[in-house]
Amino acid sequence: MSDKKINTLKFKFDVSAYRLLGRELITDRITALFELVKNCYDANAENVLVQFEQINPRTDKSKIIIQDDGIGMCFEDIRDKWMVIGTSSKRKDRQTPPPFNRKVVGKKGVGRFAVDKLGAKLLLKTTQKGSNKLICLETDWSLYEDLEHKQLTLGFSGDNQFFTDIENNYWTEYTEEGISGTALQISMVSDVWTEDDISRSIKELSKLISPSSILTYPFNIVIDAPQYNNYKKQKVSTKAIDIATLKIELGFNEKTKKQEILAIEDGELTKIEVNERACGLVGMTLYYFDQTAKNKFRKSFPEEGIDGIKVYRDGLIATPFAEYVSHRDQKKDLFGLDKRRWSGFFDKIGTRDLLGWIEISDERNPDIIDATNRQDFVDSKGWLELKSFTIEQVKKIEEFLKNKRNKETNKSKSTFKKAKNDLSNIIKQLNIVKDKAESPDVKQSLIAVKKELAKTQATVTKSLADFQNLEKQKKQQENLFFSLVSLQTYAGMLSHITRTSIGKIKRDAEFIHKWMPDPRFNDQYKQMGGNIYSEMNHLGDAVDFLLKYAKDDQKFEEINIKDTLERIFNNIYHDEFEKRGIKASLEINKDLIVNYNLKSFEDIFDNLISNSFKALVNNTSEKLIKCSAIVENNKFIIMFSDNGYGISEDNKHRIFDVFFTTTSEQGGAGLGLFIVKSRLEALKGTIKVVDNEFKPTGTTFRIELPFKQ
Amino acid sequence: MDKLNAIIVIIDDEKNIEKSNIALFTELKINFESVIVFMNQQEGINYIKNNIDKQRMLVLLDLGFPSEPTNGHDILNSIRVFSFLVPVLIWSGIDEDDETFADLINNKAFAFLNKNASSDEIISKLTEAYEYADNDISIALEDWISTHSDEDKNKPYILSLNGKELTLNEILKEIRIQSDIGKSFSKKLSKLTIDLLTRNKENLDD
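Keeping their order, the protein sequence lines are chains A and B.
Quick note: the first sequence uses the working numbering, first residue 1, plus one each step.
Quick note: the second sequence uses the working numbering, first residue 710, plus one each step.
Please keep in mind that the hints were generated in silico from the structure rather than gathered at the bench.
For every residue, glycine included, the Cβ atom is placed at its ideal position computed from N, Cα and C.
Check the hints yourself; a few may be wrong.
[Unchecked claim] Label pairs and their in silico Cβ distance ranges:
1. Asp904(B) <-> Lys12(A): 30 to 36 Å
2. Thr836(B) <-> Ser585(A): 34 to 40 Å
3. Gly540(A) <-> Ser888(B): 42 to 48 Å
4. Phe75(A) <-> Asn815(B): 49 to 55 Å
5. Glu268(A) <-> Phe791(B): 58 to 64 Å
[As the list claims (entries may be wrong)] Sample of chain A residues lacking proximity to chain B, with all beta carbon distances greater than 10 Å (derived):
6. Arg19
7. Ile432
8. Thr456
9. Ser495
10. His496
11. Ile497
12. Thr500
13. Ile502
14. Asp508
15. Gln524
16. Gln527
17. Met528
18. Glu535
The whole structure should be built from the sequences, with the hints applied where relevant.
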């Protein structure tokens, strides 16, 4: 036993802490500027003036001044907040005072050290609202730096001063009452600010406030760099986007917890309300630019770019945060718009065709959390859902545009046809007139006109044929693409089968080669021979299956639906059903013959079966797949059901969308049901989800095919 | 050639795997003590868990289990919950994408074998895993313990940090299941060894 005397120790900050908090925490100076302007926003400022004085070349007179008309600080604020690292006042009061009641954006309490990134010396001048005292505080980071150097010198023997030991001068001046705000005068500027740097700053600062909330929270930023003609008192503003081809605004109803989403009705974009999604309610504004609109935009705003969708939290940008990667391809594609596979095949929209923002809030969307580096969000369920929500909306726009293009194509096609008919009518009329004409001159002229008309007619006929050919080619390309996509799915499955088989054969051969004729293994040699034979048969089947894809894709043939389904269920998938413990039944006694490409037809059922496999994986009870057919009102109706986990009500309206998937973990790319639908549409058929046949859970698809195609 | 003293534990859902892979199984039995197959994932995991302190095991794990909700990744995860020492070799017919592959690395899969690998390749990787595990501190301890009498093995030997007395056999178990005591013991033993070597109290030649 001993009498314990307890002493204490305190943490101290080494002088070098100024670097850790300032120049090393803030990655670049534009972000630093951004941080400081953001502080003005939090101080309820309405106007911020950012002045660059003599900043090219850099001299003793170079200065950056950031001045706002916010609430300012009193001496206690300076002492207890500004001078306290990591001060939590902003975390406590998450709203700025009236009239703005802005959501406070700074939380960490280190933003002010961003100054160090811009220059070594800071003179802070601030007046609190209603006061005439101007508090001035001088911080000279170069003192810290000098001291750090000294302490690092070998043989240093002075007092080891710490970060918190250094004295910063302050004094009070007097000013006119009523003018409040804070000014940061930064001198001993670290870098030259070129015209390009100023332009980039403007570009980034213009993203600070979402255009739609400007009305609620007036916040003006003016940049003044008198050395550059283009940047004398230039106002930073979010441009009203009048140029866009399409403007879409989606809202929500907080009371009923309903979210607006895009839908397509009769080929037109409409909005429908659905239940709140896992990301919480969000507002979304999207502008789509077609090529013409893009050109116009570029002309009007050479400084700006069409650069995708940004996220604003409570009216202030959350991400991409002050990002200014100058090369476009390196820009963050937050929603994965450009990364979507098969880009380009379906006339996809990418980040360069869209400009928009998503409005979230701390309250409505608590599960969407900024990653610490502010370049992304934490991979929470809410964020993942917001991503897929966004992609779904973009896909609806894509579908709408595709419909519109198809309509236009059809319109030009019929105009062509009409022109062709009109021309032959005119020629007929002309013949009658010519025969009746008495004057040889008139006759002669009419013959000439007829010749010209015949030429024009030939051109129109040829153009129409070209047009139709082009259309056919496009269809062929699309079919080829579909084949490739399903090929990719099956290639995975096949490579597994072939590798396993090859492995077995290889090891059997290896063994025989190594040990034969050692009589100890006579029984094994015999078994291996049998195994090799059966594995070779497996491989043969796999190759036959693959060969389907090598055949001419354009071949159309008479397909007997009954026979085909029997082959799929009783031959092709028989083993697979057994392996997975699935009881599959096919009930079909009517028949229908369609003229279509066999592989494309088989694709429909390959995809439906593959979906059922995924849905049945977790079934603990008996696993069932059932396919039955009936004839109803001149239609051949196929019902395809399984008793898997089913489709949730929320997803029913989008399961046929391209790239929609709920099974990405099991390798689902969201193409299966899209291919099914497209294939059936080509047969003039339809597919929809109806009440599930099996209870309690499961899925039933109703496929309708007309007798007369 | 002598058989290596380890049990090959195969977790794979292929029916009759032994019959259809007769060459591999024959080779495995020529080279290792015994081979045991589990089609059921949980039974395989339980076997490893229950025998981890009794015998040396090398696990050959299939990744794809199409009829099950969980796959080889999940099995590896479950094994790593109770031991990072048992070598697990992945054996699969599918190519993993980067993300899932990273998951295997994080869980210290010993090797990735393709389903079409030859028996020689498989045996050689398993042997490598055996030798690697042989360098493990638990194996060294096991060898050392085996030179002692049964009585000594069950004698309280070492006083652990919290004052608990442990026999040699108990220490071995703690190391194999990688408990806090086991990990801390291994760490201290390594430190002590380095200390002894650097102070020339011991040298590596003996």
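Taking the hints in turn, this is what the structure says about them:
Taking 30 to 36 Å as the suggested C-beta distance range, the pair Asp904(B) and Lys12(A) conforms, at roughly 33 Å. Between Thr836(B) and Ser585(A) the beta carbons are some 50 Å apart, a value that contradicts the proposed interval 34 to 40 Å. Roughly 53 Å separates the CB atoms of Gly540(A) and Ser888(B), a value that falls outside the hinted 42 to 48 Å. In this structure, Phe75(A) and Asn815(B) meet the distance hint of 49 to 55 Å, their C-beta atoms being roughly 53 Å apart.
Hint check: Glu268(A) to Phe791(B), Cβ distance near 59 Å, so the stated range 58 to 64 Å holds. Every Cβ of chain B is farther than 10 Å from the Cβ of Arg19(A); the closest lies at roughly 34 Å, confirming the non-interface assignment. Here Ile432(A) stays apart from chain B, with its beta-carbon at least about 73 Å from theirs, past the 10 Å limit. Interface exclusion of Thr456(A) from chain B stands, the closest Cβ pair being 58 Å apart, more than 10 Å.
For Ser495(A), the non-interface assignment is contradicted: its Cβ lies about 7 Å from the closest Cβ of chain B, within the 10 Å cut-off. A cut-off of 10 Å between C-beta atoms contradicts the statement that His496(A) is not in contact with chain B; the least separation is 4 Å. With a cut of 10 Å on Cβ distances, Ile497(A) falls inside the contact zone with chain B, its closest approach being about 8 Å. Not every CB of chain B lies more than 10 Å from the CB of Thr500(A), the least distance being 5 Å, so the non-interface label is violated.
A beta-carbon of chain B comes within 10 Å of the beta-carbon of Ile502(A); the shortest separation is about 4 Å. At roughly 5 Å, the least C-beta separation between Asp508(A) and chain B is not larger than 10 Å, which violates its mark as non-interface. Listed as outside the interface, Gln524(A) is inconsistent with that label: its C-beta sits roughly 5 Å from the nearest C-beta of chain B, within the 10 Å cut-off. Against chain B, the non-interface label of Gln527(A) is violated: not every CB pair exceeds 10 Å, the least being about 5 Å.
In this structure Met528(A) is not separated from chain B by more than 10 Å, as the shortest Cβ-Cβ distance comes to only about 6 Å. Its beta-carbon lying about 8 Å from the closest one in chain B, Glu535(A) breaks the requirement of being farther than 10 Å from that chain.
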